[in-house]
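2 protein chains.
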Amino acid sequence: MSELQETILNFGRRARTAARALARSSSEQRNLGVLAMADAIQAAEKEILSANALDVSAGREKGLSAAMLDRLSLTAARVAAMAQGVRDVAALPDPVGEVIRRWTRPNGLEITKIRVPIGVVGIIYESRPNVTSDAAVLCLKTGNATILRGGSESIHSNVAIANALSKGLAAAGLPAEAIQLVPVTDREAVSLLCAMDKYLDVIVPRGGKGLIETVVSLARMPVIKHYDGICILYVAAAADLGMAREIVINAKCQRPGVCNAVETVLVQRDVLEEFMRSTGVALFEKGVELRCDAESYAVASHLAPVAGRAVLAEAKDFDTEFLDLVLALRVVGGLEEALEHIEAHGSRHSDGIITSDEAEAEQFLQEVDSATVYWNASTRFTDGGEFGFGAEIGISTDKLHARGPMALEELTTYKYQLRGTGQTRI
Amino acid sequence: MSELQETILNFGRRARTAARALARSSSEQRNLGVLAMADAIQAAEKEILSANALDVSAGREKGLSAAMLDRLSLTAARVAAMAQGVRDVAALPDPVGEVIRRWTRPNGLEITKIRVPIGVVGIIYESRPNVTSDAAVLCLKTGNATILRGGSESIHSNVAIANALSKGLAAAGLPAEAIQLVPVTDREAVSLLCAMDKYLDVIVPRGGKGLIETVVSLARMPVIKHYDGICILYVAAAADLGMAREIVINAKCQRPGVCNAVETVLVQRDVLEEFMRSTGVALFEKGVELRCDAESYAVASHLAPVAGRAVLAEAKDFDTEFLDLVLALRVVGGLEEALEHIEAHGSRHSDGIITSDEAEAEQFLQEVDSATVYWNASTRFTDGGEFGFGAEIGISTDKLHARGPMALEELTTYKYQLRGTGQTRI
Numbered sequence: 000m001s002e003l004q005e006t007i008l009n010f011g012r013r014a015r016t017a018a019r020a021l022a023r024s025s026s027e028q029r030n031l032g033v034l035a036m037a038d039a040i041q042a043a044e045k046e047i048l049s050a051n052a053l054d055v056s057a058g059r060e061k062g063l064s065a066a067m068l069d070r071l072s073l074t075a076a077r078v079a080a081m082a083q084g085v086r087d088v089a090a091l092p093d094p095v096g097e098v099i100r101r102w103t104r105p106n107g108l109e110i111t112k113i114r115v116p117i118g119v120v121g122i123i124y125e126s127r128p129n130v131t132s133d134a135a136v137l138c139l140k141t142g143n144a145t146i147l148r149g150g151s152e153s154i155h156s157n158v159a160i161a162n163a164l165s166k167g168l169a170a171a172g173l174p175a176e177a178i179q180l181v182p183v184t185d186r187e188a189v190s191l192l193c194a195m196d197k198y199l200d201v202i203v204p205r206g207g208k209g210l211i212e213t214v215v216s217l218a219r220m221p222v223i224k225h226y227d228g229i230c231i232l233y234v235a236a237a238a239d240l241g242m243a244r245e246i247v248i249n250a251k252c253q254r255p256g257v258c259n260a261v262e263t264v265l266v267q268r269d270v271l272e273e274f275m276r277s278t279g280v281a282l283f284e285k286g287v288e289l290r291c292d293a294e295s296y297a298v299a300s301h302l303a304p305v306a307g308r309a310v311l312a313e314a315k316d317f318d319t320e321f322l323d324l325v326l327a328l329r330v331v332g333g334l335e336e337a338l339e340h341i342e343a344h345g346s347r348h349s350d351g352i353i354t355s356d357e358a359e360a361e362q363f364l365q366e367v368d369s370a371t372v373y374w375n376a377s378t379r380f381t382d383g384g385e386f387g388f389g390a391e392i393g394i395s396t397d398k399l400h401a402r403g404p405m406a407l408e409e410l411t412t413y414k415y416q417l418r419g420t421g422q423t424r425i
Numbered sequence: 000m001s002e003l004q005e006t007i008l009n010f011g012r013r014a015r016t017a018a019r020a021l022a023r024s025s026s027e028q029r030n031l032g033v034l035a036m037a038d039a040i041q042a043a044e045k046e047i048l049s050a051n052a053l054d055v056s057a058g059r060e061k062g063l064s065a066a067m068l069d070r071l072s073l074t075a076a077r078v079a080a081m082a083q084g085v086r087d088v089a090a091l092p093d094p095v096g097e098v099i100r101r102w103t104r105p106n107g108l109e110i111t112k113i114r115v116p117i118g119v120v121g122i123i124y125e126s127r128p129n130v131t132s133d134a135a136v137l138c139l140k141t142g143n144a145t146i147l148r149g150g151s152e153s154i155h156s157n158v159a160i161a162n163a164l165s166k167g168l169a170a171a172g173l174p175a176e177a178i179q180l181v182p183v184t185d186r187e188a189v190s191l192l193c194a195m196d197k198y199l200d201v202i203v204p205r206g207g208k209g210l211i212e213t214v215v216s217l218a219r220m221p222v223i224k225h226y227d228g229i230c231i232l233y234v235a236a237a238a239d240l241g242m243a244r245e246i247v248i249n250a251k252c253q254r255p256g257v258c259n260a261v262e263t264v265l266v267q268r269d270v271l272e273e274f275m276r277s278t279g280v281a282l283f284e285k286g287v288e289l290r291c292d293a294e295s296y297a298v299a300s301h302l303a304p305v306a307g308r309a310v311l312a313e314a315k316d317f318d319t320e321f322l323d324l325v326l327a328l329r330v331v332g333g334l335e336e337a338l339e340h341i342e343a344h345g346s347r348h349s350d351g352i353i354t355s356d357e358a359e360a361e362q363f364l365q366e367v368d369s370a371t372v373y374w375n376a377s378t379r380f381t382d383g384g385e386f387g388f389g390a391e392i393g394i395s396t397d398k399l400h401a402r403g404p405m406a407l408e409e410l411t412t413y414k415y416q417l418r419g420t421g422q423t424r425i
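Protein chains in written order, with numbering that gives the first Met the number 0: chain A, 0 to 425; chain B, 0 to 425.
Possibly wrong hints are sitting among the right ones.
As the list makes no split between identical chains, a pair holds if one copy fits it or if it spans any two.
[Stated by the list, open to error] Pairs of lysine-lysine residues, derived as DSS-like cross-links and limited to a Cα-Cα distance of at most 25 Å, are as follows:
#	residue 1	residue 2
1	Lys224	Lys197
2	Lys208	Lys315
3	Lys285	Lys315
4	Lys315	Lys197
5	Lys61	Lys208
6	Lys224	Lys45
7	Lys224	Lys166
8	Lys61	Lys315
9	Lys166	Lys45
10	Lys285	Lys224
11	Lys224	Lys315
Everything labelled a hint here was simulated from the structure, so no lab data went into it.
Please take these sequences and the hints and turn them into a complete structure.
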């Protein structure tokens, strides 16, 4: 066994031991732990900022873009916001211990399906350093131990934040090793974590498609994936076109760089001209580039925008997550064609219909096989906060265990407790 | 692309199309489909029996054991039982469409978390031919399309049964391709299925550890695993020893070859002698071989059994699923030591405590991290039928999505439907 292998296995062993201790903790203890973690982050402001300065200067040398450097950089205000983000989690309701169902069998056996922590959660990420505290605190709140493995570009910041979190845990009488950061940014560490199904109950990769696919191909345990959102809105013949304009503008322009922004709009043929005069023009005014199929291009190209522009779409535009002020536009004959397009080109993330026809809307809501399906609302609501969950680990594009906004409840599982009086099977 | 690759991809494409059609079907239609499938199996009795005769004679030539040949063999009575098993599923409650939760956000958006089919379920098995109909009908009932890939030893029977099921579906106006059997018993077919995450939403391997591990290492989609049950019972100092005897005998002897049979008993030191005089003797009478740690061996070796026997355990005996009239026995000082043993040696399947001390029992029920935890009952109740679920796909040893008995509900997932009146995100 290599030294690295032994090191990673020890992370697993310690996490499993910590998870057992957490299984004995009360909700109150864990909430005190959360508050102590927030205090510890605040107290470690100096250490965190100097560690972060190392990452930022390394990033500058590596030639990271200004946007990436901004995402990486911490300030006193950002550390305070991080601590507050942790503190807020203490106030959320704790799903652990909830009785999901309880029933008694004819032989008198009482069966309780009860919500319990998952155990040990692995988070492999390459994003901003605050993922370290965000993810770890949600896991701790729900009684899970966490093994974090962040990217090399924020390694110093991550280590400083994780150290603060562990100190907070210890101060609250909880096992410091309930939160561990793997300080090895080597790719091999990811392989070793993915093989450790004895100690890791689930892995959540947070980052680009390449990272997720690597984890999926290596992992022996369940992986909760957060893939692209190619979100689609269908504007039906019976749509209120004023409402359509507001929804499409919001779904495309309010924050184009996120997974729940709309990427394709399908317009029913009969309302194409009016839709373009209203929504099309409004999109141009917002600087949006429309990638149109031939039919919509014939209309769009006559609109003479002051900003934005219309171009003919290529086939791949309907399979692209633009994450930008770019929108694919296609004309369809009706609901059937829209459903087929969504089935063939969507990513099962968030898709919606805009219509005043309730029967049509209900058919859409039933048949579209996506995590979140909308009738007359912006796709931008696919979000733990907007759902009222108070926090989120991310938006799962998986179908099993966690689908759509993944929050505290999705960090738990269940077990069955059977209470008997000597029952034996006949 | 190889010809086999193209063939397997076509299975996937057809299954996805069938799943879309099933998403439009009503519960009533699917139940009529289930009844038509039962009729079709009965009507195809001759074809199924002649196909089965080919498998049995091939098995005989290959030198399969008498027990294996018996598992493989179908008779008119077994075909009738198979048809009845299918028919029974029609009467079970359908979980699809259940509103899990519904709430309204302050902005008026109504969010409904609703139970839906998973989509396309892959079943890879090497067991008896009736898995073909059992698994397929539970999937169909819950609106899922299935791709089945059985083992080579029952290939002719499987094809005949699957053909009958498809005929039944078509007769009921449902897509015949909602149930497809891959007639390729080549190992490569398994690899190709495991890579097809675009069309298969989940894979359930049914069979030996080797098969499950192959699927786990290849699959790009979630796998629901049914691994070993190393089930453990702890007889505490406060146990009613008469009850302990009944429970241990039942859990070990009623059907030793199944995953929920007990494999290790831990006995608290103070009650060892009395336990051995009562339960130990009863186990010997049933012909059980006890593999004892040194301390229990000192007592057991003086019991002079008429049947069964006591031997000194090797270390591996405490990590073995015997599936036979063999039981590992170990003395512990108390609850803590029992919990540590279960954590280190159990398989998180079904573990129990026998005690009259409620506080001790509740601690056990809370801390043991197994799918099913028992207080004063036999571990043999871990079973979909015994839980009142009416049917089961198997006993999942996974923690996510399906844990413990996996039945109709575990063949579904959920999605969120959001009904709005033009809401946009601020």
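A quick look at each hint next to the structure:
For the identical chains of this complex, Lys224 and Lys197 are neighbours both inside a copy (20 Å) and across copies (14 Å), given an alpha-carbon limit of 25 Å. Proximity of Lys208 and Lys315 under a CA criterion of 25 Å is satisfied intra-copy only: 17 Å inside one chain copy versus 43 Å between copies. Taking CA atoms no more than 25 Å apart as the test, Lys285 paired with Lys315 passes inside one copy only; the shortest distance there is 24 Å, against 69 Å between copies. Taking the shortest alpha-carbon separations for Lys315 and Lys197, only the inter-copy value of 18 Å comes in at or below 25 Å, while the best intra-copy value is 42 Å.
For the homomeric pair Lys61 and Lys208, the shortest alpha-carbon distance inside one copy (22 Å) is at most 25 Å, but the shortest distance between copies (47 Å) is not. With identical chains, the CA atoms of Lys224 and Lys45 are never at most 25 Å apart, being 35 Å at best within one copy and 47 Å at best between copies. In the homo-oligomer, the alpha carbons of Lys224 and Lys166 never lie at most 25 Å apart, since the shortest distance is 30 Å inside one protomer and 38 Å across protomers. In this assembly of identical chains, the alpha carbons of Lys61 and Lys315 never lie at most 25 Å apart, being 32 Å within a copy and 53 Å across copies at closest.
For the identical chains of this complex, Lys166 and Lys45 are intra-copy neighbours only, at 15 Å inside a copy versus 72 Å across copies, given an alpha-carbon limit of 25 Å. Neither within a single protomer nor between protomers do Lys285 and Lys224 lie at most 25 Å apart by alpha-carbon distance, with minima of 32 Å and 50 Å respectively. Proximity of Lys224 and Lys315 under a CA criterion of 25 Å is satisfied intra-copy only: 23 Å inside one chain copy versus 37 Å between copies.
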